[in-house]
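Novice: Sequences are here, hints too, so could you generate the full structure?
These protein sequence lines are chains A and F, in that order.
In terms of the UniProt record's numbering, the first sequence opens at residue 1 and continues consecutively.
In terms of the UniProt record's numbering, the second sequence opens at residue 1 and continues consecutively.
Note that these hints are calculated values from the structure, not bench results.
Where hints are given, some of them may not hold.
Which residues of chain A face chain F? A partial, calculated answer using Cβ under 7 Å [as the list claims (entries may be wrong)]: (1) Leu-201; (2) Gly-265; (3) Ser-269; (4) Val-280; (5) Ile-283; (6) Glu-285; (7) Pro-287; (8) Gly-317; (9) Pro-346; (10) Ser-380; (11) Tyr-381; (12) Pro-385; (13) Asn-387; (14) Gly-390.
Under the rule of at most 27 Å between Cα atoms (straight-line distance), these lysine-lysine pairs were calculated in the DSSO-like manner [what the hints assert, rightly or not]: (15) F:Lys-207 <-> A:Lys-118; (16) A:Lys-166 <-> A:Lys-100; (17) F:Lys-207 <-> A:Lys-166.
Just so it is clear, the structure is predicted and the values come from calculations on it, not from any experiment.
We treat Cβ as the ideally placed atom computed from N, Cα and C, and that holds for glycine.
Number of protein chains: 2
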Amino acid sequence: MYAVHKNSEVFEMLEELRIGNIFEVPKVPEKDKNDPYANEPLRSPALIPSSSTPFNAEPPLSILVDNFLTPNDLFFVRNHLPVPIVDPKKYHLDITVQGKRKSVSFTLDDLKKKFPKKTVASVVQCAGNRRSEMVKVKAVKGLNWGAAALSNAEWSGASLDDVLKKAGIDLESLDMEHVQFDGMDMDPTGAPYGASIPMELARRLKKDIIIAYEMNGEEIPRDHGYPVRIIIPGIVGARQVKWLNKITISNEESSCHWQQKDYKGFHASIDWHNVDFSTVPAIMETPIQSAICEPANGSELEEGADEVTVKGYAWSGGGRGVVRVDLSLDGGKTWHSAELKPNNQPLYKSYAWTLWEATLPLPKDHKGKVEIICKAVDSSYNVQPDNVDGIWNLRGVLSNAWYRVQVKVP
Amino acid sequence: MYAVHKNSEVFEMLEELRIGNIFEVPKVPEKDKNDPYANEPLRSPALIPSSSTPFNAEPPLSILVDNFLTPNDLFFVRNHLPVPIVDPKKYHLDITVQGKRKSVSFTLDDLKKKFPKKTVASVVQCAGNRRSEMVKVKAVKGLNWGAAALSNAEWSGASLDDVLKKAGIDLESLDMEHVQFDGMDMDPTGAPYGASIPMELARRLKKDIIIAYEMNGEEIPRDHGYPVRIIIPGIVGARQVKWLNKITISNEESSCHWQQKDYKGFHASIDWHNVDFSTVPAIMETPIQSAICEPANGSELEEGADEVTVKGYAWSGGGRGVVRVDLSLDGGKTWHSAELKPNNQPLYKSYAWTLWEATLPLPKDHKGKVEIICKAVDSSYNVQPDNVDGIWNLRGVLSNAWYRVQVKVP
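Specialist: Listed below in structure tokens is the structure:
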């Protein structure tokens, strides 16, 4: 099992790396009490930031296929606001039903000791994963993510179902429309990051939704929600609230900006001058996705190579497992089947990703370069769209066209 | 409510239509006792057959958008074998668990009187809907379906959950892998049509799976499974066994040809010489689908028209509702939003289709013809693929590329 680095260990690692002159340790400025980002955790220098405040970063794409469970310090980071400092001894999770005065609270110790520990391996993917490909069609608003704005981990904690039951709440019989989650990360006005999921999804998933306090067998790192986050497998990362301290059963969706005015999908002729965010639902389950992690785009194969080994990931939302990954080296004229590595989850309740691999003969008429295409198919036989043009949208979300990598063949 | 025509009424209707010289009444041959198709039901002459023995037919595409619930005699027909003649007084449904000797039987009267009547509006779609578009890329095996090999009806009966519970079977605790369904339609060797669904899907859907004895408030017509069929909302028609008389809880999938060696999806470089049907799972839930029902392909708009009203359907498997239908009149350069008619089902448990409509200005540079494109998006933000080439497969199933209609503008 991978060991999570404590802050001090990360610092030592940084020092070691500095000696090797591979990475520069970022200079730690004098702490400014007015700077909400003064107390951010130290991070692995291997992460590639797409923004520093709030901190957002993806690991190198190639490392994703090295581990079925992404190591904690290499797991992609998506923060919307400064990372809060939470005292685990003072932590409590409050659960409320709209219209009822009384809320029920659980301490961290309660969550660990009063409920059976449940574990689920599941992908967290940013809605904007692969946005950088969409940007090439036309500018969009959002972080310029590559294809590594997702990772896969094993999450452990109490199940939402168990905790709600202990709080006297039965989602099956409760006539409410949404389950809201609030975090402890706050914007400058003091409003927390929040999200909600429709009751229908909560009912379907409830035994699989984890109020998580462990990530890959260790405490959840600060960047990923220490001490507690919600894991709602099969749906977009933005709803899986980190630093979770409040659950509200309500007839209303979360009023949070990111639920109401962001992370929704529009067609390509809707832009900022004519968008009406109320016309489509907030993204929950996400569509079938895949990408090639090896070889890297723009890389050069070995001299005289007559075959290429291709590796990557595939994943779909909604618990839909991956049934096929197809590869082409000739622009889609002919296709090859990748070997899928088992993720040991049922096909219709598959929350972890599927890593895959194939070794393919290079076309003889390659003229020094080859484009490798991958596309995946999920258990509903959903496919990825051919081109990014048809799915372009103003926020650059849901970018899941056929993935293409160009390599040189010397 | 639409009245189902009794055989005699259909015959009268045929006579009337004949007088109008619109349709020819097919000659009824002398009955041959050895002909398994000698006792087929009479059918609406409006249906457009794609094969006569077994009988398969779709309604005219344009009528689909006339009714949220497709009238029973216009509902598309997909038969794999001769239609059995079932005496409702002798009918019984047998329920067995693999490895247990005793089975439990229910008569038609039991199903009607011993269980609460549940109703679900749901689409039944043939896996081969829109196969005729795939054929244009390269020949496939299968009926040459247009885009009307699906229809939407309200199905009523006992829920599978209720019936299994009465039979002493609890799917949640039963450690078995599949639920098999057998029909009373038989091949020349005496083997029935059969299918199965994975236990994971049965558990998720069980309250919504209907052992149906009514279709749109009437007895189910013979072509659609009289007296009883299984309705498994959100999945492909092939598993929704008609003339159902046996349910088996088993560790095995149905051994039936159509489960094992048919209705699976492969990539375009797998053809009959190299196919291995065991490598991918049987189609269950189906991907997002949409089509334009009006105007018809090849039709001519009114002289001087400067706009066009477009109508169609959209539907996705797995209970995924439709969040958007996008239309383009300029090859995908610009897109318009269609107005979605509410289907009154929750977005994440939406088994009926969504009918839609839009009136769009014709491009000024139309040069006498316009291509109308539609593509839909489901609640998992799955999209339709741009082109049929990338999804071509040897059986011509899962044909759901952007739908295109050419119209003349005089």
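Novice: Given A:Asn-387 as an interface hint, is the shortest Cβ-Cβ distance to chain F below 7 Å?
Specialist: holds, 6 Å
Novice: Against chain F, is A:Pro-287 within 7 Å by beta-carbon distance?
Specialist: holds, 4 Å
Novice: Taking 27 Å as the top limit, are the C-alpha atoms of F:Lys-207 and A:Lys-118 close enough?
Specialist: Holds. F:Lys-207 to A:Lys-118 sits at ~26 Å (cutoff 27 Å).
Novice: Holds or violated: the hint that A:Ser-269 contacts chain F, with Cβ atoms closer than 7 Å.
Specialist: holds, 4 Å
Novice: Should the interface hint for A:Glu-285 be scored as holding, given a Cβ-Cβ cut-off of 7 Å against chain F?
Specialist: holds, 4 Å
Novice: Is the hint on A:Pro-346 kept, meaning its closest Cβ partner in chain F is under 7 Å away?
Specialist: holds, 5 Å
Novice: Measure nothing beyond the straight line between the CA atoms of F:Lys-207 and A:Lys-166; if it is 27 Å or shorter, mark the hint as holding.
Specialist: Within the cut-off at roughly 26 Å; holds.
Novice: Are A:Gly-317 and chain F close enough, Cβ to Cβ, to be under 7 Å, as the hint says?
Specialist: holds, 5 Å
Novice: When the nearest CB of chain F is found for A:Val-280, is that gap smaller than 7 Å?
Specialist: Check passed: Cβ of A:Val-280 comes within 5 Å of chain F, closer than 7 Å.
Novice: Would the hint on A:Tyr-381 be counted as holding, given a Cβ-Cβ threshold of 7 Å to chain F?
Specialist: holds, 5 Å
Novice: Taking the least C-beta to C-beta distance, is A:Gly-265 closer than 7 Å to chain F?
Specialist: Holds, about 5 Å.
Novice: Under 7 Å, Cβ to Cβ, is where A:Pro-385 needs to be relative to chain F, so tell me if that hint holds or is violated.
Specialist: holds, 5 Å
The structure shown violates none of the earlier numbered hints.
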